[in-house]
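Undergrad: For reference, the chains in residue letters:
Protein chains: 2
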Amino acid sequence: MELFSNEYFMNEALKQAKIAFEEGEIPVGAVIVCKNRVIAKAYNQSERLNDVTAHAEMVAITSATNYLGSKYLVDCKLYVTLEPCLMCGGALFWSQISEVYFGAGDPKRGYQQVGSPVLHPKTTVKGGILAEQSTQLLNDFFKKLRK
Amino acid sequence: MELFSNEYFMNEALKQAKIAFEEGEIPVGAVIVCKNRVIAKAYNQSERLNDVTAHAEMVAITSATNYLGSKYLVDCKLYVTLEPCLMCGGALFWSQISEVYFGAGDPKRGYQQVGSPVLHPKTTVKGGILAEQSTQLLNDFFKKLRK
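Those protein sequences? They're chains A and B, same order as listed. Counting along the first sequence from 1, when you hit position 29 you're at 29 in our numbering, and nothing is skipped either side. Counting along the second sequence from 1, when you hit position 141 you're at 141 in our numbering, and nothing is skipped either side.
Just so you know, these hints were derived from the structure itself, not from any lab. Keep in mind that a hint or two might mislead.
You can't tell identical chains apart in this list, so a pair holds if it fits in one copy or across any two.
Stated by the list, open to error - Result set (EDC-like, lysine to aspartate or glutamate): computed pairs, CA atoms no more than 20 Å apart in a straight line:
1. Lys71 with Glu23
2. Lys144 with Asp75
3. Lys71 with Glu47
4. Lys147 with Glu132
5. Lys41 with Glu22
6. Lys144 with Glu47
7. Lys126 with Asp75
8. Lys18 with Glu7
9. Lys126 with Glu7
10. Lys126 with Asp106
11. Lys35 with Glu99
12. Lys41 with Glu23
13. Lys77 with Asp140
Assemble the whole structure, with the sequences as input and the hints as a guide.
TA: The structure is reproduced here in structure tokens:
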């Protein structure tokens, strides 16, 4: 895996998803990268915090803007293991983030399900990065949950 | 104004919006009500916290779920002075909140702009409650900002 490639950073996001898995959370992880540096890492904490807004992307956005001291993430990239939901897509819109990379698509709750554009017009998006690993982790989680 | 009417609770949300106004934030306020009791009050804090996710509704949801010790707001009502954006609409979906009341509509950023349903199918919605007061406050804010 090439250093600083999309796969490299998505792998960092997958590491976060694995922490979520271990903690009994739906395993989704995210990192935010600015000038090839990871400035925020986060995983879904909805169960632990009893908070539906504590998705990996939301925690990562708050953490990154806190780090930068700016509301906007114009020169940043988000790597998230699952296609963002509408809430997270809406937050990404407000952040004006430059690039969004996601792993597995989410045909049920992904923001791309609504016809209208959700992200900022300046934001570029690419899905399917290490998607298999992400899907595998999610499948393992739900299989374990049903036992 | 009748006690515990929609106007009564929206007026509580307006009081929150006025605090935001005083603090130089886009003046939007929200309260969450459970069994006729206000269990969470919040106003937009995006500027103070440098955080685009700190909309009044988001802060109120986190605060209410924290108070209840539950991720879900099934028996609760949200009163918010402005139509929620997509991010907040997405969060309200996850919360499964019972009822949403908003003041002014937001033809530019309101969640109702996307064709698809955003809120939970069990959630009922009513807009236009004390809408004039909300619009007036927003107009005053942007007039002051442009000076």
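Undergrad: One pair to classify: Lys35 and Glu99, alpha carbons no more than 20 Å apart. Within, between, both, or neither?
TA: within (12 Å within a copy, 43 Å between copies)
Undergrad: For Lys147 vs Glu132, is the C-alpha pair at or below 20 Å within one copy, between two copies, both, or neither?
TA: Cα proximity of Lys147 and Glu132: none, with 23 Å in one copy and 54 Å across.
Undergrad: Regarding Lys144 and Asp75, is the shortest C-alpha distance of 20 Å or less found within a copy, between copies, in both, or in neither?
TA: neither (39 Å within a copy, 30 Å between copies)
Undergrad: Which holds for Lys126 with Asp106 at a C-alpha limit of 20 Å: within a copy, between copies, both or neither?
TA: Classified as within; 13 Å inside a copy, 30 Å across copies.
Undergrad: As a check of your reading, is Lys144 near Glu47 (CA-CA no more than 20 Å) within one copy, between copies, both or neither?
TA: So Lys144 and Glu47 pass the 20 Å test inside one copy only (16 Å; across, 42 Å).
Undergrad: Using 20 Å as the alpha carbon limit, work out where Lys126 and Glu7 are close: within a copy, between copies, both or neither.
TA: For Lys126 and Glu7, only the intra-copy Cα distance (12 Å) is at most 20 Å; the inter-copy one is 45 Å.
Undergrad: Check Lys41 against Glu22 for me: Cα-Cα at most 20 Å, and say if that holds within a copy, between copies, both or neither.
TA: This pair counts as within: shortest intra-copy Cα distance 16 Å, inter-copy 34 Å.
Undergrad: Which holds for Lys71 with Glu23 at a C-alpha limit of 20 Å: within a copy, between copies, both or neither?
TA: between (30 Å within a copy, 17 Å between copies)
Undergrad: My question is about Lys71 and Glu47: at a cut-off of 20 Å on alpha-carbon distance, are they close within one copy, between copies, both, or neither?
TA: Classified as between; 8 Å across copies, 27 Å inside a copy.
Undergrad: Are the CA atoms of Lys18 and Glu7 at most 20 Å apart within a copy, between copies, both, or neither?
TA: within (16 Å within a copy, 47 Å between copies)
Undergrad: 20 Å Cα cut-off: does Lys77 pair with Asp140 within a copy, between copies, both or neither?
TA: Neither: 28 Å inside a chain and 36 Å across chains, both beyond 20 Å.
Undergrad: Checking Lys41 and Glu23: alpha-carbon separation at most 20 Å within a copy, between copies, both or neither?
TA: For Lys41 and Glu23, the Cα distance is within 20 Å only inside one copy (16 Å; across copies 31 Å).
In this structure, the earlier hints numbered 2, 4 and 13 are contradicted, and the remaining ones agree with it.
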